[in-house]
Amino acid sequence: MSSPRRPAGASLGAALAIAVVLLWLVGYPLLLTVVEAVDGGFHHFQEFAERPGEWRALFNSLWISLASVALAAIVGVPLAFVFERTDFPGRRVLGALMALPVALPPLVGVIAFIFLYGESGFLSRLVQQVLSLEKPPWRLGGAGAILLVHTYSMYVYFYLFVRAALVRLDGSMLEAAASLGASRRRTFFKVILPQLRPALLGAGLLTFMTSLGSFSAPYIFGGGFRVMTTQIVASKANGQLQLAQVEAVILASLALLGLWVIRRLQGEDAVASAHGIAPERRAVKSPAARAGFAVVGWGLAILMLLPHLTLLLISFVPIGTWTVELLPPELSLVNYRDLFSDPERLRPMVNSLWMASVATAGALLLGLLAARQSIRSGGRTGAALEGLVALPWAIPGTVFALALATAFSVDAPWLLRFLWVGTPIILPLAYLLRCLPITGRSAIAGLRRLDPALEEAAASLGAGALRRFWRVVVPLVRPALVAGLGLAFITALGDFVTSIVLYTFTTRPISIEIASALRVQEFGIAAAYGVLLMILSAAAFLVWGRGESA
Amino acid sequence: MSAYLELRGLHKSFGETRVLEDLSLEIGDGEILALLGLSGSGKTTALRLLAGFEKPDAGEIKLEDRDITALGPVERGFGMVFQHYALFPHLSVGQNVAFGLEARKWAKAKIEARVEEMLELVDLSGYGDRKVSAISGGQQQRVALARALAPEPTLLLLDEPLSNLDPALREKTRSELRSAVKRIGITTVLVTHEQEEAFHVGDRVAVLNRGHLEQVGAATELYRNPKTPFVAGFIGRSTTLRGTAEGPAAPEGEVWVRLGASASLDQPSVSWEARAAAPAEAGAEVDLVVRPESLVLTEAGRPGGLEGRFLGVRFTGALSYARVELVAFPDRVAEVLLDGDTPASGQRVWVAPRGGGPVPRVFTPEPV
Numbered sequence: 000m001s002s003p004r005r006p007a008g009a010s011l012g013a014a015l016a017i018a019v020v021l022l023w024l025v026g027y028p029l030l031l032t033v034v035e036a037v038d039g040g041f042h043h044f045q046e047f048a049e050r051p052g053e054w055r056a057l058f059n060s061l062w063i064s065l066a067s068v069a070l071a072a073i074v075g076v077p078l079a080f081v082f083e084r085t086d087f088p089g090r091r092v093l094g095a096l097m098a099l100p101v102a103l104p105p106l107v108g109v110i111a112f113i114f115l116y117g118e119s120g121f122l123s124r125l126v127q128q129v130l131s132l133e134k135p136p137w138r139l140g141g142a143g144a145i146l147l148v149h150t151y152s153m154y155v156y157f158y159l160f161v162r163a164a165l166v167r168l169d170g171s172m173l174e175a176a177a178s179l180g181a182s183r184r185r186t187f188f189k190v191i192l193p194q195l196r197p198a199l200l201g202a203g204l205l206t207f208m209t210s211l212g213s214f215s216a217p218y219i220f221g222g223g224f225r226v227m228t229t230q231i232v233a234s235k236a237n238g239q240l241q242l243a244q245v246e247a248v249i250l251a252s253l254a255l256l257g258l259w260v261i262r263r264l265q266g267e268d269a270v271a272s273a274h275g276i277a278p279e280r281r282a283v284k285s286p287a288a289r290a291g292f293a294v295v296g297w298g299l300a301i302l303m304l305l306p307h308l309t310l311l312l313i314s315f316v317p318i319g320t321w322t323v324e325l326l327p328p329e330l331s332l333v334n335y336r337d338l339f340s341d342p343e344r345l346r347p348m349v350n351s352l353w354m355a356s357v358a359t360a361g362a363l364l365l366g367l368l369a370a371r372q373s374i375r376s377g378g379r380t381g382a383a384l385e386g387l388v389a390l391p392w393a394i395p396g397t398v399f400a401l402a403l404a405t406a407f408s409v410d411a412p413w414l415l416r417f418l419w420v421g422t423p424i425i426l427p428l429a430y431l432l433r434c435l436p437i438t439g440r441s442a443i444a445g446l447r448r449l450d451p452a453l454e455e456a457a458a459s460l461g462a463g464a465l466r467r468f469w470r471v472v473v474p475l476v477r478p479a480l481v482a483g484l485g486l487a488f489i490t491a492l493g494d495f496v497t498s499i500v501l502y503t504f505t506t507r508p509i510s511i512e513i514a515s516a517l518r519v520q521e522f523g524i525a526a527a528y529g530v531l532l533m534i535l536s537a538a539a540f541l542v543w544g545r546g547e548s549a
Numbered sequence: 000m001s002a003y004l005e006l007r008g009l010h011k012s013f014g015e016t017r018v019l020e021d022l023s024l025e026i027g028d029g030e031i032l033a034l035l036g037l038s039g040s041g042k043t044t045a046l047r048l049l050a051g052f053e054k055p056d057a058g059e060i061k062l063e064d065r066d067i068t069a070l071g072p073v074e075r076g077f078g079m080v081f082q083h084y085a086l087f088p089h090l091s092v093g094q095n096v097a098f099g100l101e102a103r104k105w106a107k108a109k110i111e112a113r114v115e116e117m118l119e120l121v122d123l124s125g126y127g128d129r130k131v132s133a134i135s136g137g138q139q140q141r142v143a144l145a146r147a148l149a150p151e152p153t154l155l156l157l158d159e160p161l162s163n164l165d166p167a168l169r170e171k172t173r174s175e176l177r178s179a180v181k182r183i184g185i186t187t188v189l190v191t192h193e194q195e196e197a198f199h200v201g202d203r204v205a206v207l208n209r210g211h212l213e214q215v216g217a218a219t220e221l222y223r224n225p226k227t228p229f230v231a232g233f234i235g236r237s238t239t240l241r242g243t244a245e246g247p248a249a250p251e252g253e254v255w256v257r258l259g260a261s262a263s264l265d266q267p268s269v270s271w272e273a274r275a276a277a278p279a280e281a282g283a284e285v286d287l288v289v290r291p292e293s294l295v296l297t298e299a300g301r302p303g304g305l306e307g308r309f310l311g312v313r314f315t316g317a318l319s320y321a322r323v324e325l326v327a328f329p330d331r332v333a334e335v336l337l338d339g340d341t342p343a344s345g346q347r348v349w350v351a352p353r354g355g356g357p358v359p360r361v362f363t364p365e366p367v
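For the protein sequence lines, the chains are A and B, in the order given. Going letter by letter, the first sequence gives residues 0 to 549 in numbering that gives the first Met the number 0. Going letter by letter, the second sequence gives residues 0 to 367 in numbering that gives the first Met the number 0.
Everything hinted at is true.
Computed list of chain A residues with no C-beta within reach of chain B, every gap over 10 Å: (1) Trp23; (2) Arg55; (3) Glu133; (4) Ser178; (5) Arg184; (6) Gln265; (7) Glu324; (8) Leu418.
So the derived list for chain B, only partly shown, Cβ under 10 Å to chain A, looks like this: (9) Pro72; (10) Gly76; (11) His83; (12) Pro88; (13) Phe98; (14) Pro150.
Just the calculated beta-carbon pair ranges, DEER-fashion: (15) Ile534/A x Leu168/B: 51 to 61 Å; (16) Glu298/B x Ser178/A: 53 to 63 Å; (17) Glu195/B x Ser178/A: 40 to 50 Å; (18) Arg184/A x Glu193/B: 47 to 57 Å; (19) Leu168/B x Trp259/A: 46 to 56 Å; (20) Lys189/A x Gly39/B: 37 to 47 Å; (21) Leu418/A x Arg65/B: 55 to 65 Å; (22) Leu352/A x Glu119/B: 44 to 54 Å; (23) Ser162/B x Glu279/A: 33 to 43 Å.
By construction, these hints were calculated from the structure, which means they are not laboratory data. All C-beta atoms in this analysis are idealised placements derived from N, C-alpha and C, irrespective of residue type, glycine included.
Chain B on its own, in the form it takes in the complex (with noise of 0.2 Å):
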C-alpha cells in the first residue's frame, strides 16, 4: 500500500538554526499520526511546512503520489486547527464555519445547508448566530475544528489543538476529537507536546526531538521498545544505569550488562539481563534503560541486587513508585515499582530487575 501523505527528507532552517533536519514520514489513508516532541523539537515547523505557510528548503511533500511542495495554503485545501483556534472575532460561530465555503464559492444554499451539518456534528446546533467571544473555550475549539472540516478538506492539520483547555475538559475533549475525526475518516497529523495527548488522539505518534525524528510507531512499541534513548527517556518514566557490555550483541539480541563495576570494593557487581537497541560489542560502555515496573525492591543477599536508600514514594493514584538512591550509583534516583510494605525514609533497600515488565534496554552512550 502507497502512503496517502509522504514526507520526504524534509529540511527547514531559520537563518543558523536548523529546525528540521531530513524529516521523512509517511502516513496511511484515514490515520491519525501525532508529532510529538517538545518545544524546539521542529514539530510545529513540520505541521507550517504541511499547511505551506512556510517552504521546506529540501524535500518534498506528496498527496497521493502528487507533489504539493510548491503550492501555498490556499491551493493545498487542508483543514487546519490552531493552537489559540484563531477563529474571526468579527464574525459570529456560522460566519466562521463558513468562512471557507464562501472562499470557495459554494451557492448559498449549500453553504448554510453545511453550516448546519458542521455545527451539528460538534455538537453546536443554534449557536451559529453567537459570537465567538460569547462561548467559552471548550466551544471555541469546537468551532475552529468544524471550520476547518467544513470545505472538505482533504488532511485535517492539529496544532495543540487542546492545550488551552483546562484539564478536566481536555480529558473528555480528547475523545470527542478522536471521534469526531474518526467518523469522517479524514487523515489528520496531531502535533502535541503531550504525551496522553499523543497517546490517545494518534493510532501513531511520531517522536521528534531538535529537528530529528527518532521513531515512529503506536505507543505500546515506542514504550516497549524504544529505539533511541530520547525515546526511552521521553516517553514514560525510566532509570539509566552506565554498565558494561559482558558480550556482544546484535540489535533487538539478548545482552547481559555489568552494573557497579567500578564501585566501591565491598560492592559486589552484578549482572542485569536486556535488550541491545544498537549493536554492542564485548566490554563496551553502555546505557541500561530500565521502567519502574521491571524493577522490585528485594531482602538483602537476593542475587542482582542492588544496595540503596530509600528516600521516599512517588504517588500517582493506582500505583506508587518507590525513590531509591543507589550505593552504586550516586547521582541517580531510580524508580522502582512498589507492591509491597513502603520502608521507612532513609532505610537500607535493595533494587534487583523483576519479570514481566519491559526488558531493559542498551544504548550505546552519547558522546559528551
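Excised from the complex, chain A in its bound form (with noise of 0.2 Å):
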C-alpha cells in the first residue's frame, strides 16, 4: 500500500509562506513589468511592431539560437563519442579539460576571445606577421563572432549530456541488436540515437535558452548587429523604459514557448532504465591511430585552453606597451599592483565576493526551504512551487533584471514595492534569484533521494521540526546542496547581464569593470580581472568540490 507520506508537522503556514516571498520577488516583478507594458493599451507594442529595428533584433536572436544549438551540437556530439567510446593515452584528462569553457563567465570568455582571435588578437597579428598584410586580416565582430564564441562555451552542454547518457547506454542492448543482424549503422541510428534523444533535447534545451538570453557576446561584438537582449538594455538606457518592457516581455514570451516546445517533445521519451553494464569502449589499437588520437585530442584541449591562457599573458602586459609586435615586448605585474592598491580598482573585487557570497548564502536558503516545501506539499502546490524556483531560469537575464528595476525602483510599501534600485540590495538581490534555480534544483534533488522514514524516526524520537531540518535533513542532503553552491557562487560572481541593467557606481561588480577598463583600452586591466574571476571561480569549485566528498 502506498499511503502519500508526509513528514510530520506540515504546516499550512509554512507553505503559505514561502509561497509569497517566491510570488512576491519572483512572479510580480514579472507580472508588473507586463502591466506597465500595456499600461494605458498596447500602443507600446504597436511602436514595436512598426519599427524595423525591432523585428530584425526578434529575428536575429532566434536564428542566433537556433543556430548556436546546431553549430554546439555538430561540436559536442562527435566530442562526446571521441572521448567515451573510444580509449586513447590521456583520454581522461582531456575528456575533463574539454568540459572546462562551462566555467568560464561569460563577459571573461569574450574578452579572452578577443585578444585571441580579434583583429589585433594574436591569431590575425601571426597571419598578418606570415602574409605580411597592411591591415589586420579580419575583424572579429557581428553574428559570425557571437556563433563562434557560443559554440565554444555551449558545446560542453552537448558533451557533458551526451557523454553521461553512452555511459547509461546498456551494452547489452546493442548486443541484441547485433545479435538480431543489425548493422553498426543500424543500430546507431535505431537504438543508439532514440536513447540518446533525451539527452540532446536536455542539452539542445540548454544552449537555446542560454543563447536567447546572452548578452555579453552580442554586447561586445554586436555593434549594429542588434539582438532582443541588447535591444532592452539600450532602450532602457535612452529612457524608453515602456519600449524595453515591451521588449522585455516579448524575449520572455519567445523564452518560455521555445521552453515548452522542447518539454513537450521531450514528453514521450521511452529510455531503457540503466541496469545493463555500459558498453565496453572501443580500444585505438594501432600505434599510427592511437598517435592520431592523441595528437588530435591534445590539440583540442589546447584550444579549449588558449582563451584562459592568452588572457593570463595579457594580463601581465603593462597598457600601452604593446603595439604592433607580434608577442607583447614587455610583461609585468604592474596591473595586479594596480588592481590590489587602487582603493578604486578594488572596490569592484570587494563588491563582486560580498555580493556573490551574501546572494549564494540567500539563494540556497530559499532553494532549501521552497525545495521542503514543494515536497512536501506535493501534487499541484508542490509543481507550482518547483515553477516558481524554476522561473529565473526561464526568464533570460535582461528580462528579469528589467522586472526587478520595474518593481523596486517605486517606494509603496503596501504594495509591497520599495525604492531598492540605486541602493546596495537590489543586486545581491538580483544574483540571488538568479541563483535560485541552482540551489532550488540540487536542494530537490537531494530532498528526493531522502527516506521519508529518517524524518519520521527523528519525530518519533521527539525532534521537532527545528531539530529534524538541521539535525537531520540538512547534513543528508548536503552533498547536493553543495554541488549547486559552487555554481550558484560562480553564476553570481561572474554575472554581467543583470548588473548591468542594476549596477550603482559604487556597488559596481567586477564585469562592470571589465566592461569599462575595455571600453578605454586597458586591456591589461580588463584581463587581470578576468584572470582573477577565473581563478576564484575555479578556487570555488575546488573548494566545493571537496565539500562534496567528503
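Two independent chains are provided; combine them into the complex using the hints.
Next comes the structure, spelled out in C-alpha cells:
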C-alpha cells in the first residue's frame, strides 16, 4: 500500500509563507513588467511592431539561438562519442579539460576571444606577420563572432549530456541488436540515437535558453547587429522604459515558448533504465591511430585552453606597451599591483565577493526551504512551487533584471514595492534570484533522495521541526546542496547581464569594471580582472568539490 | 482490567481508497500484539496512526485512558523501529542512540550512561563510535531497537523489523527481539506479513484483511478456531470444500456437512462432522475448511471417504503432505497429512476425516 507519505507536522502556514515570498520576488516583478508594458493600451506594442529594427532584433535572437544549438551539437556530440566510446592515451585528463569553457564567466570568455581572435589578437597578428599584410586580415564582430563564442562555451552542454547518456547505455542492448542482425550503422540510428534523444533535447534546451538570454557576446561583438537582450538594455539606457518593457515581455514569451516546445518533445521519451553495463570502450590499437587520436586530442585541449592562456598573458602586459609586435615586448605584474593598491580598482572585487556570497547564501536558504515545501506539499502546489523556483532560469537575465528594476524603483510598501534600485540591496537580490534555480534544483534532487522515514524516525524520537531540519535534513542533503552552491557562487560572481541593468557606481561588480576597462582600452586591467574571476571560480569549484566528497 | 492502549473505531482513507475501516483493539500493559496481514491490509496504516504520522478520519486512540488522538509523533513519546531501520547515516551508532535523548534535553552525563546501557542491552557494547554503514544488517536492526528504547518510550512500535534480515538470521533475531522487549516489559505493537514472526514474537495476533480486523487471539486460537474464512485460509494450510449443511447450527455448534452430492451418480455423497463459525440453516450451502492433519488417506469403501487421484507430495521436513485431486471437486487440490506409505503418482486414493486434529469449520460462502 502506498500512502502519501508526508513528514510530520507539515503546516499550511509555512507553505503559504514560502509561496508568498516566491510570488513576491519572482512572479510579482514579471507581472508588474507585463502590466506596465500594456499600461494604457497596446500602443508600445504597436510602436514595437512598426519598427523594422525591432523585428530584425527579434529575428536575430531567434536564429542566433537556433544556429548556436546546431553548432554546439555539431561540435559537442562527436567529441562525446570520441571520449566515451574509444580509449586512447590521455583520454581521462583531456576529457575533463574539454568541459573547461563552461566554468568561464561569459564576459571573461568574450574578452579572451577578443585578445585571441580579435583584429589585434594573437591569431590575426600572426597571419598579418606571416603574410606581410598592411591591415589586420579580419575583424571579429557581428553574428559570426557571437556564434563563435556561443559554440565555444555551449558545446560543453552537448558534450557532457551525451557522454553521461553513453555511460548509461546498456551494452547488452547493443549486443541484442547485433545478434538480431543489425549492422553497426543500423544499430547507431535505430538503437543508440533514440536512447540519446533525452540528452540531446536537454542539451538543446539549455543551449537555446542560454543563447536567447546571452548578453555579453552580442553586447561586445554586436556593433550594429542587435539582438533582443542588447535592444532591451539600449532602450532602457535611452530612457524608453516602456519600450524596454515591451521588448522584455516579447523576449520572455519567446523563451517560454521555446521551453514549452522542447518540454513537449521531451514528454514521450522512453529510455531503458540503466540496469545494464555500459558497452566496452573500443580501444584504439594501431600505433598510428593512437598517435593520431593523441595529437587531435591534445590539439583540441590546447584550443580549449588558448583563451584562458591568452587572458593570463595579456594580464601581464602593461598598458600601452604592446603596439604592433607579434608578441608583447614587456611583461610585468603592474596591472595586478594596480588592482590591489588602487582602492577604486579594488572596490569591484570586494563588491563582487560580498554580493556573490550574500546572494549564494540567501539562494541556498530560500532554495532549500522552497524545495522542502514543494516536496512536502506535493501535487499541484508542489509543482507550482517548483515552477516558481525555476522561473528565473527560464526568463532571460536581461528581462529578469528589467523586471526587478521595474518592481523595486517605486516606494510603495503597501504594494510590497520598495525603492531598492540604486541601493546596495538590489544587486545581491538579483543575483540571489538568478541563483535560486540552481540551488533550488539541487535541493529538490537531494530531498527526493532523502528517505522520509528518517524524518519520521527523528519525530518519533521527540525531535521538533527545527531540530529535524538542522540535525537530519540539512546534513543529509548537504552533498547535493554543495554541488549547487559552487555553481551558484560562480554564476553570481561573474554576472554581467543583470549587473549592467541594476548596478550603481558604488556597487559595481568586476564584470562592469571589465567592460569599462575594455572601453578605455585598458586591456591589461580587463585581463587581470578576468584572470582573478577565473581563479576565484576555479577556487570555488575546488573548495566545494572537496566538501562534496567529504 | 482496563486496557493499556485502546484503539476505538479508527477509520482512514487516502483519497478514494479506504485503508482502514472501524478498527478497534485493546492491548494490555506489557503485552506484545502482532498486526498480521498481507500488503494492502491496512496494518502499516494502523501503525502509522498509532505513531502519529497520520491522523485518523474518525475514531480515537487512548493510552491509559488518556485520549492521544490529536497528539503528533513528537508529543506521543513512543519508540519506533522502522522497516529499513531509518538510522541516521551521518551519525555514529552512539549518536543515533543518543538522538532522542538530546531531543528530550537529557543531561550529557545521563545521555552517555543511557547510550552505554542501551548498547549493552542489544549486545553492541563498544560499537558506539562505529559508523552505521560499517555494521551488519543484524547489528543495524539492534541499533534501531536501542535507539527506539533509549528515551524510555511508553509504547514500542515495530514495523516489519526483521524483514530485511536473511532467513537464517531472522530466526535468531526473533527470539532476541522478544526477550529484549519482555525483559523491559514495554507494551509493543508489531506489524508483519509473516505468520511465523507474528506467532513467535507476539503474545496475541490481530489479523487484518483489506482494512478490516478479522480476528484477534493467540496463535493456537487462530489456528484451531478461525472466526472468518479469511483467517481459516490465511493462517496455516487448509482445504476448502463446498457442501450443504444437514441441519441448523448455532455458532460454535456441531453440524454435519454433505459433500459431493451434486457430483456424478456413481460418486456417493458423504457427510463430515464440523463446527459452525456462524449460524447456518439446514440445507444451506456452506464452505467446509479442513486442516491437513484432520484428514487421512484410506482404502476404498471406508465410510466418509472421498475418491481422488494422488498427485504428489509436499515435503516440509518433519512432515509430508499428500496432494490429492478429488473427483467430486475437480478444481480443488486437497492437502492430507501423510503418515503411511506414499502412494504412486496418479494412484486412486480416498480421503476421509481423522479425529484428533482441529475440527473442520463451516462458513457461509461469501457472495461472489
